[in-house]
Amino acid sequence: MSKEKIECKEVMKYVCQSLGDDLNSEKCAAIKAHLEECEDCKNYFKSVEITIDCYRKYNVDLPEDAHNRLMKFLDLEE
Amino acid sequence: MEEKKLITDAQSGDKKALAQVVKNYEQTIYNFAFKICRDRDKAEQVMQETFYSMIKSLHQFDGKSKLSTWLYRIVTNHCLMLARKIKSRQFVSIDDDEGLFEEKYTADWSSIPYKGAENKELREKLDDAIKKLAPEYRMIFLLRDVEGLSTEETAQVAELTVPAVKSRLHRARAFLRKELNQAFIK
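In the order they appear, the protein sequences are chains A and B. Going by the working numbering, the first sequence opens with residue 99, and the numbers climb by one from there. Going by the working numbering, the second sequence opens with residue 1337, and the numbers climb by one from there.
It cannot be assumed that every hint is accurate.
[Said to hold, decoys possible] Derived Cβ-Cβ restraints for the label pairs, each shown as a range: (1) A:E147 - B:V1498: 38 to 44 Å; (2) A:E147 - B:R1459: 17 to 23 Å; (3) A:Q115 - B:R1459: 45 to 51 Å; (4) B:S1348 - A:Q115: 43 to 49 Å; (5) B:I1422 - A:A131: 45 to 51 Å; (6) B:K1392 - A:E135: 33 to 39 Å; (7) B:L1496 - A:C136: 18 to 24 Å.
[Unchecked claim] Residues on chain B that point at chain A, a partial pick, calculated with CB under 10 Å: (8) Q1363; (9) A1379; (10) M1383; (11) I1448; (12) E1488; (13) S1503; (14) R1507.
[Stated by the list, open to error] Which chain B residues stay away from chain A? Per the calculated CB distances, all over 10 Å, these: (15) H1395; (16) F1397; (17) G1399; (18) S1401; (19) W1445; (20) S1446; (21) A1491; (22) T1497; (23) N1517.
To be clear, the hints were calculated from the coordinates, so they are not data collected in a lab. Where is the CB? At the ideal position from N, CA and C, for every residue including glycine.
Starting from the given sequences, assemble the full structure and let the hints guide the process.
As structure tokens, then:
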């Protein structure tokens, strides 16, 4: 597998499938090697990571009045 | 108080314990409901329905899974029900991989202003992109990548097989990346 020529498109798909997984297969070694030397795929990998990071950091706080309405709705006011 | 004891007390009718369980999870549930609905009013409605359902069926909770996993399942179901009721949006179909992956990719994201999570313009772009994603894909991306559940837990919450979760996840990631790429680079 590692001797096979890997297409960028395949690497991009693999990046989306496997991000966050434990990557130890033989195919994975070939993907990692490709990522090391291909600037485009490196950029792609980074962009997927940033996409996830952006959504992870986008959070909203529960407003106090929404908390109060919830406790009233559930009849759990103190 | 330890969660197990808190749940047991709540199951036996201790209102104070029940209120504490709600307080322990209200922020997580509201935030997650917002992430699926992308709307504060809808998120509040879903949060209320989620805890109402939780209280109604708390006696059935057997402690085999984490309470958080159980709550994620309830909140996810309420979000999907709400989405089905609204049905006003046309979602982009990503049921096949065609068009999700480029032949050649060159854009460099190193200079895009993504670090300010409070940035209004960035938030609008993130909202616009994820709103195009069908809720069935959206929830998988949010549970696995954003909330950090394992693939197995995500499968349990979504009542899907692990391969089905992986398949939806990679399409959702590729779709969102592509949408943001267009929003950032163009």
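So, going through the hints one by one against the coordinates:
As the Cβ distance of E147 of chain A to V1498 of chain B is approximately 22 Å, the hint placing it in 38 to 44 Å is violated. Between E147 of chain A and R1459 of chain B the beta carbon distance is about 19 Å. The supplied range of 17 to 23 Å therefore holds. The hinted range of 45 to 51 Å is not satisfied by Q115 of chain A and R1459 of chain B, whose Cβ atoms lie roughly 28 Å apart. Judged by the Cβ atoms, the range 43 to 49 Å given for S1348 of chain B and Q115 of chain A holds: they are separated by roughly 46 Å.
Here the CB-CB span from I1422 of chain B to A131 of chain A is close to 47 Å, well matched to the stated 45 to 51 Å. Checked against the given bound of 33 to 39 Å, the beta carbons of K1392 of chain B and E135 of chain A, roughly 57 Å apart, lie outside it. For L1496 of chain B paired with C136 of chain A, a C-beta distance near 33 Å fails the hint of 18 to 24 Å. A distance limit of 10 Å between C-beta atoms decides the matter here; for Q1363 of chain B the minimum to chain A is near 5 Å, and the interface restraint holds.
Residue-level restraint check for A1379 of chain B holds (minimum Cβ-Cβ distance to chain A is 8 Å; threshold 10 Å). Below 10 Å, beta-carbon pairs count as interface contacts, and M1383 of chain B has one with chain A at about 6 Å; its hint therefore holds. Contact between I1448 of chain B and chain A, as hinted, is supported at the beta carbon level, the nearest pair being about 7 Å apart and thus within 10 Å. Checking E1488 of chain B against chain A: minimum C-beta separation of about 12 Å lies over 10 Å; hint violated.
Taking 10 Å as the C-beta cut-off, the interface hint given for S1503 of chain B holds, the closest approach to chain A being about 8 Å. For the restraint placing R1507 of chain B at the interface with chain A, the shortest Cβ-Cβ distance is roughly 8 Å, inside the 10 Å limit, so the hint holds. The Cβ of H1395 of chain B sits about 16 Å from the closest Cβ of chain A, beyond the 10 Å cut-off, so the non-interface label holds. Every beta carbon of chain A lies more than 10 Å from that of F1397 of chain B, the smallest distance being close to 16 Å; the non-interface claim holds.
Separation of G1399 of chain B from chain A is adequate, the least Cβ-Cβ distance of about 22 Å exceeding the 10 Å criterion. Every beta carbon of chain A lies more than 10 Å from that of S1401 of chain B, the smallest distance being close to 21 Å; the non-interface claim holds. W1445 of chain B, annotated as away from the interface, has a beta carbon of chain A within 10 Å; the closest lies near 5 Å. With a closest Cβ-Cβ approach of about 7 Å to chain A, S1446 of chain B is found to fall inside the 10 Å limit, against its non-interface label.
Interface exclusion of A1491 of chain B from chain A stands, the closest Cβ pair being 14 Å apart, more than 10 Å. Listed as outside the interface, T1497 of chain B is consistent with that label: its C-beta sits roughly 15 Å from the nearest C-beta of chain A, beyond the 10 Å cut-off. In this structure N1517 of chain B is not separated from chain A by more than 10 Å, as the shortest Cβ-Cβ distance comes to only about 6 Å.
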